[in-house]
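Given chain C, put chain P in place with the hints provided.
If you want the building blocks of each chain, they are given just below.
2 protein chains.
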Amino acid sequence: MIQKHDLKNIALIAFDADDTLWDNEPKYRSAEKSFVKILSRYISEDIIPNELLKIEIKNLPICGYGTKSFCMSMMETAMKITDFKITTEELYQIYNLAKNLLKHPVLVYDGVAETLEAISKKYPLALITKGDTLEQERKLFSSELMDKFNFIEIVHEKDEKTYSKLIAKFKIKPEQFLMIGNSPKSDILPILKIGGHAIYIPSDVLWSHETIDETQLSSFEKYDKVNKFTDLLKIF
Amino acid sequence: MIQKHDLKNIALIAFDADDTLWDNEPKYRSAEKSFVKILSRYISEDIIPNELLKIEIKNLPICGYGTKSFCMSMMETAMKITDFKITTEELYQIYNLAKNLLKHPVLVYDGVAETLEAISKKYPLALITKGDTLEQERKLFSSELMDKFNFIEIVHEKDEKTYSKLIAKFKIKPEQFLMIGNSPKSDILPILKIGGHAIYIPSDVLWSHETIDETQLSSFEKYDKVNKFTDLLKIF
Chain C
2 MIQKHDLKNI
12 ALIAFDADDT
22 LWDNEPKYRS
32 AEKSFVKILS
42 RYISEDIIPN
52 ELLKIEIKNL
62 PICGYGTKSF
72 CMSMMETAMK
82 ITDFKITTEE
92 LYQIYNLAKN
102 LLKHPVLVYD
112 GVAETLEAIS
122 KKYPLALITK
132 GDTLEQERKL
142 FSSELMDKFN
152 FIEIVHEKDE
162 KTYSKLIAKF
172 KIKPEQFLMI
182 GNSPKSDILP
192 ILKIGGHAIY
202 IPSDVLWSHE
212 TIDETQLSSF
222 EKYDKVNKFT
232 DLLKIF
Chain P
2 MIQKHDLKNI
12 ALIAFDADDT
22 LWDNEPKYRS
32 AEKSFVKILS
42 RYISEDIIPN
52 ELLKIEIKNL
62 PICGYGTKSF
72 CMSMMETAMK
82 ITDFKITTEE
92 LYQIYNLAKN
102 LLKHPVLVYD
112 GVAETLEAIS
122 KKYPLALITK
132 GDTLEQERKL
142 FSSELMDKFN
152 FIEIVHEKDE
162 KTYSKLIAKF
172 KIKPEQFLMI
182 GNSPKSDILP
192 ILKIGGHAIY
202 IPSDVLWSHE
212 TIDETQLSSF
222 EKYDKVNKFT
232 DLLKIF
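Taken in order, these protein sequences are the chains called C and P. In terms of this note's numbering, the first sequence is residues 2 to 237. In terms of this note's numbering, the second sequence is residues 2 to 237.
There could be a bad hint or two in this list.
Treat identical chains as interchangeable: a pair holds within one or across any two.
Unchecked claim - Each computed BS3-like pair below joins lysine-lysine, with the alpha-carbon atoms no more than 25 Å apart: (1) K122 <-> K149; (2) K162 <-> K104; (3) K166 <-> K81; (4) K170 <-> K123; (5) K100 <-> K123; (6) K5 <-> K104; (7) K9 <-> K166; (8) K226 <-> K123; (9) K172 <-> K235.
No wet-lab data here; the hints were simulated from the structure. These figures come from a predicted structure and were not determined experimentally.
Looking at chain C on its own, in the form it has when it is part of the complex:
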């Protein structure tokens, strides 16, 4: 658990964006449900999500994260698992499921703006998110939270290597860095492994590719967990 005296040495607090500051994953899962429904006349519904996930993971190294990749993976999955029997009209429905995700307004969670405002009076804040530049900038702009952050970083992977580079760029040491987010795999574990602090705020829905065995987190000293974003005010 993070102690009061640890907080004195923190030089930068960074936040994840999707499903930490605002609602994101539930929209993807809702699009996936519609996708499954369209394909259900060709193939058993049960196996579709896993087939999609397999293609998403296969495409990650060349397509990356984000909605355009999700669009490509849904189209590819639909064509392959129906053995090219899916109709063009149905493919167009699937295409539009993804395209509509790119236009969705961002719903910032309750109390996020006020909590960030309060913490920003004590620490410089950064936002570290992964995905496509345009898409993440659009969401950030729409969230009206942009002015809360001193640094905004859009990266293509949130792993130990990326965080180490960013920490060097910020000219601080890992132990002066604190990351807050909803993904144990992307926001918490890599930070703890390089010697930084991390606070985990579980979200209702987590993409299965982001899940890890969470019990390993509590063995780290510089780790904490809160139930909701506004609980951060009890720590800082």
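Below, chain P without anything else, positioned relative to chain C:
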């Protein structure tokens, strides 16, 4: 034309990447030719490129630049202009045209590495490119030119606003900034308009969305044009 005494005040030289440092647009045009061929049994070849361009431009504000957007726009165009008559197999061919572009190796132009090396001994260098983070990082990594640059910026649009922000971030004045690239619309005109220096190196192929009336450029004092990348050595 840029004068010798102007160069003394330059604090940062920035380069565009695609079609300035390495070959890019010809691969897209080649994919487009294959796309036209696939659709030619439904519709007159002559009108296809323009229909694709219209959909690309319509999708730009939500999809941005890059190959994943190109993929989505090709799929959408193919479905719409064939009135959904295109087959799933043909759509899969089109999907793969785009997906293969994401895997292409980068071909750095002759003399680029040596020219950058020579200029980097006199000035700090930046790379400013637009598109998807992962895709541009992959190309930069594959080019082996990464270590030539002090700053790397992947933005979603190269306009006056973006450049002004970057110049402020670099803590310099527009007149201390020099941009070099192959797109009059994205690399040259916005820089000249905000009072910076720009050197235009025409490429063999330019995406029609990037073209402007080039005669307006020569009215600017801080503007220059060279025929090929290695000609920069005559200036610096």
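- Up to 25 Å between alpha-carbons, please classify K226 paired with K123: within, between, both or neither. within (20 Å within a copy, 50 Å between copies)
- When no copy is specified for K162 and K104, does a C-alpha distance of 25 Å or less occur within a copy, between copies, both, or neither? between (32 Å within a copy, 23 Å between copies)
- Query: How would you label the pair K100, K123 (within, between, both, or neither) given a Cα cut-off of 25 Å?
  - Reply: neither (40 Å within a copy, 46 Å between copies)
- Item | Within, between, both or neither: K122, K149 at alpha-carbon 25 Å | Only inside one copy: K122 and K149 sit 10 Å apart there, 38 Å across copies, limit 25 Å.
- Message: Please sort K9 with K166 into within, between, both or neither, judging by C-alpha distance up to 25 Å.
- Response: So K9 and K166 pass the 25 Å test inside one copy only (23 Å; across, 33 Å).
- Classify it for me, K5 with K104: is the Cα-Cα distance of at most 25 Å met within a copy, between copies, both or neither? Answer is neither: 42 Å inside a copy and 49 Å across each miss the 25 Å cutoff.
- Item | Intra/inter-copy verdict for K166 and K81 if alpha-carbon distance must be at most 25 Å | neither (39 Å within a copy, 45 Å between copies)
- Message: Regarding K170 and K123, is the shortest C-alpha distance of 25 Å or less found within a copy, between copies, in both, or in neither?
- Response: So K170 and K123 pass the 25 Å test inside a copy (21 Å) and across (23 Å) alike.
- Query: Using 25 Å as the alpha-carbon threshold, which applies to K172 and K235: within, between, both, or neither?
  - Reply: The answer is neither: 28 Å in one copy and 37 Å across copies each exceed 25 Å.
Violated hints, listed in ascending order, are 3, 5, 6 and 9; each of the other numbered hints is respected by the structure.
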